[in-house]
Structures are given as structure tokens and as C-alpha cells.
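Chemist: Here are the chains, one letter per residue:
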Amino acid sequence: MLVTSFKDDGELYDLDSIPFWIYKGVVLSHYRFLLAETPFLTWIGNSLTASVLSTIISVIISVLAAYSLARLNFRGAHSFGIAIFITYLVPPALLFLPLSQVVHKLGLSDSIWSLVLTYPTFLVPFCTWLLLGYFKTVPREIEECAMVDGATRFQTLTKIVLPVATPGIICATLFSFTLSWNEFLYALTFISSTAQKTATVGITGDLIRGDIYYWGSLMAGAVLGSVPIVIAYVFFLDYYVSGLTAGAIK
Amino acid sequence: MITPKSEEKVLPISIPKDSPWQRLRAYFQRDTTVGYLFISPALLLLLTLVAYPFCIALYFSVSNTMVGVPGSFVGFRNFINLLHNDIFLQTLQNSFIFTSVSVFFKTILGLALALLLNQRLWFKKFIRGAVLLPFVIPTALSTLGWWWMFDSLYSVVNWTLYHLGLLRSPSELNWLGTPYLAMAAVIIVNVWRGLPFFAISILAGLVAIPRELYEAAETDGAGKVSKFFYITLPLLRPVLVIVVLFSTIFTLSDFNIVYVLTRGGPINSTHLFATLANQVGLVSGNIGEGAAISLFLFPILVIIVYFQLKMIRKE
Chain A
1 MLVTSFKDDG ELYDLDSIPF WIYKGVVLSH YRFLLAETPF LTWIGNSLTA SVLSTIISVI
61 ISVLAAYSLA RLNFRGAHSF GIAIFITYLV PPALLFLPLS QVVHKLGLSD SIWSLVLTYP
121 TFLVPFCTWL LLGYFKTVPR EIEECAMVDG ATRFQTLTKI VLPVATPGII CATLFSFTLS
181 WNEFLYALTF ISSTAQKTAT VGITGDLIRG DIYYWGSLMA GAVLGSVPIV IAYVFFLDYY
241 VSGLTAGAIK
Chain B
1001 MITPKSEEKV LPISIPKDSP WQRLRAYFQR DTTVGYLFIS PALLLLLTLV AYPFCIALYF
1061 SVSNTMVGVP GSFVGFRNFI NLLHNDIFLQ TLQNSFIFTS VSVFFKTILG LALALLLNQR
1121 LWFKKFIRGA VLLPFVIPTA LSTLGWWWMF DSLYSVVNWT LYHLGLLRSP SELNWLGTPY
1181 LAMAAVIIVN VWRGLPFFAI SILAGLVAIP RELYEAAETD GAGKVSKFFY ITLPLLRPVL
1241 VIVVLFSTIF TLSDFNIVYV LTRGGPINST HLFATLANQV GLVSGNIGEG AAISLFLFPI
1301 LVIIVYFQLK MIRKE
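Chains as they are written, first to last, in our numbering: chain A, 1 to 250; chain B, 1001 to 1315.
Worth double-checking, as some hints may not be accurate.
Claimed, not checked - Keeping only pairs whose Cα atoms sit at most 25 Å apart, straight-line, the calculated DSS-like set for lysine-lysine is:
no. : chain 1 : residue 1 : chain 2 : residue 2
1   : B       : LYS1227   : B       : LYS1310
2   : A       : LYS136    : B       : LYS1314
3   : A       : LYS136    : B       : LYS1310
4   : A       : LYS159    : A       : LYS136
5   : B       : LYS1124   : B       : LYS1227
What the hints assert, rightly or not - Derived, one-sided and incomplete: chain B residues facing chain A with beta-carbon distance under 7 Å:
no. : residue
6   : ILE1039
7   : ILE1137
8   : PRO1138
9   : VAL1207
10  : ILE1209
11  : ASN1256
12  : SER1284
13  : GLY1285
14  : ILE1287
15  : ALA1291
Calculated from the structure, these hints are not laboratory results.
Keep in mind that this is a model prediction, so the values were computed, not measured.
The beta carbon of each residue, even a glycine, is placed where N, CA and C say it ideally should be.
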């Protein structure tokens, strides 16, 4: 209960600028200021681009990897599985310094493409691990039937396994999107110009000018910056729950 | 996952031997070929953007590289300097306190919350949804909300404590300006943010415990307390161990909360490895030393990976 009250506080006070309860009537000026006078919409756009692209790339790579680990017998499959699990545990904090240099050498520093490139490093291990669990539950027999009928491996994957494992794909997509939308460290350290920033970094960094905190627009930004994720979350709650437990326990 | 010899795998389709096109097609049907083909994008990504940067980090840590200036080999000087550096020693201590206290509270509260959610409750789905929310909204942004709540001028936390009669004036506690309180604030936010993961994972473990065990215990006259200690806790152990190990590495390497809430201050009292590495490596430009700071996470990572793999093998 204590937790819920804390959380409600966090949410409640996020909602509007006036301390404690809204007793002066709802003000929209902070939102108007945010949308009109700050690059807020640009940041949201950047976040969307980076998240959508890295999610698509990661899910495709992970589907292939997870399928080969779950179904195909080949030398080293087991070691690859372990390697992917280990990278799943590697925290971004360990790699952000050298990665910033790699990104720089590739000429991608200060652009959202650096994020499209680096986000899959933590998304792919996660999604592969998640999808591996789902693929293992698909009965081998229906695949074998298709192969007897002359389907190639790739055809069985796209036409048989993927439709059956749709919940897994949705789950991986949602989590990838959430993780990349919420990412902060890489976005903060790889990008410095305001126009290329993502929502999380822009709101926490660029809305604060000097010693005066624009609490109103800061909070408005925090609320709006969370909106896409919360919408996705409300609609797909069950997928989040299963992804969260599968990611850690399976 | 035991790998049999790949050559033994017989093709499911019968092919006349002479056609080269069909032989090519057969080659691409083999498990080994398809397997390597499918896994290569993932492998390529992890090699170039995880393994290679890790090697660079190793190199940086034994060099005096600055941002934009290639450095030269300096041996273990970065590590030796760090161990004589008060700020770093402070960071070590901070990390230890931050991680152990946060993980402790997350485990206890997570267990309590999971037991609560496992009861028959009204609006169960709604409550479960509300519990998960801190995990879903961007940490950097929710931390902004907390920052506002802890801020000395308008502190909602102080206002509440004051009106509960626990404080003499609403501005008595300067949460983010006092070292101990700042650490407490950072821990509170971390616990708030990490709790859903613990609660939901432990709940999944609870649901998996067979009901018959409780029924059997009840016929033997076991009470609520003994059921908890003799059935629930031992059977939850694997889940608890995995969740705690997992959370330890990500709590230890936390960046967002500390960066947004305190930037490591006041007087470096809340710096963790990640925030200090960023400060030294990118803000001050001393990448060699920054990489050395990050690498202190590595031994702990190795230990945790070892135990996690052991747990997975058991299953």
C-alpha cells in the first residue's frame, strides 16, 4: 500500500504544475509553452524514429537467432545461446565509453543513427532470450509436416512458426520499443545538439535553463514524454506481465 | 540443448543427386547452414558492438587516452590512481550502500507485494496494472517527478511529513542537499522503480507453487506462518535468487536516477560507477580513467553471470 501511495503521488504531481491539488483550475499554458516554444516535438520525433527503427531491426535479428537456437541442430548452438545470455546481463554502463568512441569513428556521433545502431546491442539479447522461450513451445510436428510438403526452413519459419508465436513477437516488439524509448545513457552521451536529442534527454536536460526551473513545463514534458509508453502499456498489459517474467525467469 | 553431430542430419526431402541446383538447395536446407545463416546477424552485431567495445574498454583502461587524443600505454596506473582517489573510494562505498540497501528493500517489499497480489482482491487487474507502472514509464522522466517532490522549496515529501506532525517546519529537511538524505532519496526512487519487477516475478513464482502442498500442510495442522516458512519460501528460492542476482547488476550500474536527481552530489556522496565514469570519461575527457572506473563493474558481472548460468543449468 505504501508503494501504491508513493506511485500515485508520483503520477498525481506529475499531472499538473500547481503544488498539491489543483485548486486554481486546470492550466494548459505549460503544455502550450512546451509545444510552441521548445523543440519538444522534435525530440518526440527523434525518439519515435530511433525506437521504431531499432525495434524493427532487433526483432528481425532476434527472430532469426532465436529460431536457429530453438530448432536447428548445429555445432556451437549451445555456446551461442550462452553468449547471448551473457550479453543480456552486460549493463550499458560498462560499454558506453568505448561505444561513444566507436560511434564517433563511424561518423555517427551527434545523430540519432548512433542510437539506431547501438540500441540493438541490448535489445537483441533480450528479445532472443524471450523468443527462444516462445519458439520452444511450438510443436515440432507441424513444422515437420510442412517440410515434408517441400517447404524450406525459411518458409516454415515465416508461415508456420511466426503465426503460432505471435504473442511472443508482440511481446518482444513492445519491450524493445519501451526499452529504447526509455533509454537514457546512450542518448545522453552520444548526442549533444538539441535538434538530435531524444525525448528523455531533451526534457531532463534542455528544459532547465540556469537556476530557474520551469517546473510547469518540466512536468508537462515528463507527462507527455511518457504518454506513448503508457498508451502501449494500457492496451497490452498482459504482454508486459508475461514479458517481464519470461525475461527474468525463463 | 545437446548438439548432435550436424552431419548426421538427414534431409527431409529426397533429391536426385546429380542436379547442381538441387544440391545447392539441399545445402541451404541443412540445419548447420541455416543455423549459421540465421544466427550470423545477431552474432555480427554482438561481436562488433559488444565484444569489440569491451576490448577497447580494456585498452583504454591501461592507457592515458583523452577525448580526441590517442593515448599511450600506461600499465595499471589508472587503476592504482583510482584506488588512491578519495572520490573513487567514496564511489565504491556509495555503490555498495546503494546496491545492498536498494536490493534488500526491493526483495522484502517485492515479496510482500507479491503475497498481497496473490490474494483474492477486488480490481485485481487494475491493481496489477498500477503496480507495474513505475517500471514502464521512462525512468529519467519519473525521476523528474521525484526531483520536484524532493526539491527544497516545494518539497511535497516535506510538506506531507510536516502535516503529519513529523517535522517542525516544511523546509527542515534539505533532501538533495544533505549527503545522507540525498543517498536515501536516490535509494527510495530506485526501490520505487525496481519494485514492480520483483513483485511480478515473485508473483509468477508464487502462482507456480502447487496448491496441494498447502492443502497437505493444512491437514497436518500447519499455520499461516509455518506454511510460509516451510513451503512458500523454500519453493520461491530459485526465483528469488535469479531476481536478486539480476537486480544487483542493474542496480549497481544505475545511471538515470542518480544523474537526474543529484548528478552524484552533494560532495560526490551519491556518485555510482556509471555516473562517475561519465563525469571523468566524457565530461572531463579522461576516457582512460573513465573506462577503468566502468571496468570495476566487470568482476561483479562475472560473479553474477556465473551464478545465473548455474541456476539455468539446474532447470
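Chemist: Could you tell me which of the hints above the structure violates, numbers in ascending order?
Modeler: 1, 9, 10, 12, 13
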